[in-house]
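2 protein chains.
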Amino acid sequence: MSCLYGVGVGTGNPELITLKALRILQSVPVIAYPASEQGNSFARSIVAEFLQDNQIEIPIILPFKLEKSAQPFYDKAAEQLAEQLSNGRDVAVLCEGDPFFYGSFMYIFNRLSPKFTTEIIPGISSVMASAAMMGIPLTYRNDVFMVLSGILSKEVLKEKLRVADAAVIIKLGKNFSKVKQVLQELGLVERAKYIENATLENQQILSIDEVEAETVPYFSLIVIPSQF
Amino acid sequence: MSCLYGVGVGTGNPELITLKALRILQSVPVIAYPASEQGNSFARSIVAEFLQDNQIEIPIILPFKLEKSAQPFYDKAAEQLAEQLSNGRDVAVLCEGDPFFYGSFMYIFNRLSPKFTTEIIPGISSVMASAAMMGIPLTYRNDVFMVLSGILSKEVLKEKLRVADAAVIIKLGKNFSKVKQVLQELGLVERAKYIENATLENQQILSIDEVEAETVPYFSLIVIPSQF
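Chains as they are written, first to last, in our numbering: chain A, -15 to 212; chain B, -15 to 212.
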């Protein structure tokens, strides 16, 4: 019986994959990963050094423009993976961070899990990796912890942040200025820290006021640690 | 210059530690870990197979009874570790889950980081591991995600859960019945899932109604996944 693995590969530093992820990656005949229309894949780049020459690779090509619905692309990818699984080949899908935490693997999972055996290998999330890289404890004792998307409206972000003791705001990109305004209005600018390319060589950790809004990547984030 | 490492060892399955955690664990001369007054240490048991005979081991003995303040115990442990660090020995403190996410390592970190170089190795959190073991995607797209402690009052839990799209409730133990009541009142009993000993051989995943309240361990948790 073949198996579909969702393998968390963490945030960028290859050493932050788990022993189990490494074992699965090196034992399956088929590796799949999200990739741009040009074929670039961040997930693949994280584990490139561990892949074997004789593995079949299936890029899951996703449209860059968010306006375009990604669903037909997942349909096509699921079909390709189903073919491999039906032929008795185990397939590992590489997932940035953790497969079930704000990932795109879920769209593959939801299509294939009714038909095939699946196993999820959890990965280091950018939430934990960022606090670790900053050297700032994130949550203590009975803190209310929240993860929010920068895509949410200013009003929603404000309302939610008010009831959190600690929070991480993901998906910044062009939402950075809006999020900064929210932090200003809630008096959180001093406490919050910004990080991009966490755990990679070009990692940057900045105070909110140091960030140039125009240069903020989508996968950067802001950590608002607990007040101890 | 010696270094204090906070090493996340994940939730129980030794294969879920990172390559970096393994490298650090096997290269430092001193290993420390939280332990009971009887000397039992769950964190140590996770990585026992990787430890070397010639490593110095320092148990950080913590009182079992929560009424007793743990602070004097952390003072004593920090002193012991400081002595090793001052003698030029790197020290790795084993941390269940992730070191900066509801961990007890923070109390050591806050005492020693002003004086010594520190580095945090993030770990797989029970939050991600539990969803993976259940095979249930936790959060999609722009979901508001929350982690709540079962120790919080019924009123607070209800108020917070109302504004979350997905949540994990940690620290159950004798708080289970209260939390179950909250889930009932919010109509979340069907959606929620219970897990204990996640990623271990004696792992149990149950629906809320199947759980026997008297047997619930403190480190079990409830996952309320996003509604896709």
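Derived by calculation from the structure, the hints in this document are not laboratory data.
Keep in mind that this is a model prediction, so the values were computed, not measured.
Some clues are possibly wrong.
In this list, chains with the same sequence are indistinguishable; a pair is considered to hold if it fits within one copy or across any two.
[To be verified] In silico DSS-like links for lysine-lysine, alpha-carbon gap of 27 Å or less:
1) Lys144 with Lys162
2) Lys144 with Lys99
3) Lys138 with Lys158
4) Lys177 with Lys99
5) Lys144 with Lys155
6) Lys158 with Lys99
7) Lys142 with Lys60
8) Lys99 with Lys155
9) Lys99 with Lys60
10) Lys177 with Lys144
11) Lys177 with Lys162
12) Lys60 with Lys144
13) Lys99 with Lys142
14) Lys162 with Lys60
Taking the hints in turn, this is what the structure says about them:
1. Lys144 with Lys162: For Lys144 and Lys162, the Cα distance is within 27 Å both inside one copy (15 Å) and across copies (24 Å).
2. Lys144 with Lys99: neither (38 Å within a copy, 37 Å between copies)
3. Lys138 with Lys158: within (13 Å within a copy, 38 Å between copies)
4. Lys177 with Lys99: between (43 Å within a copy, 22 Å between copies)
5. Lys144 with Lys155: both (16 Å within a copy, 23 Å between copies)
6. Lys158 with Lys99: Answer is neither; intra-copy 39 Å and inter-copy 39 Å both fail.
7. Lys142 with Lys60: Answer is neither; intra-copy 39 Å and inter-copy 42 Å both fail.
8. Lys99 with Lys155: neither (32 Å within a copy, 35 Å between copies)
9. Lys99 with Lys60: This pair counts as within: shortest intra-copy Cα distance 16 Å, inter-copy 55 Å.
10. Lys177 with Lys144: This pair counts as both: shortest intra-copy Cα distance 18 Å, inter-copy 24 Å.
11. Lys177 with Lys162: within (15 Å within a copy, 36 Å between copies)
12. Lys60 with Lys144: neither (37 Å within a copy, 39 Å between copies)
13. Lys99 with Lys142: Neither: 42 Å inside a chain and 37 Å across chains, both beyond 27 Å.
14. Lys162 with Lys60: So Lys162 and Lys60 fail the 27 Å test inside a copy (36 Å) and across (46 Å) alike.
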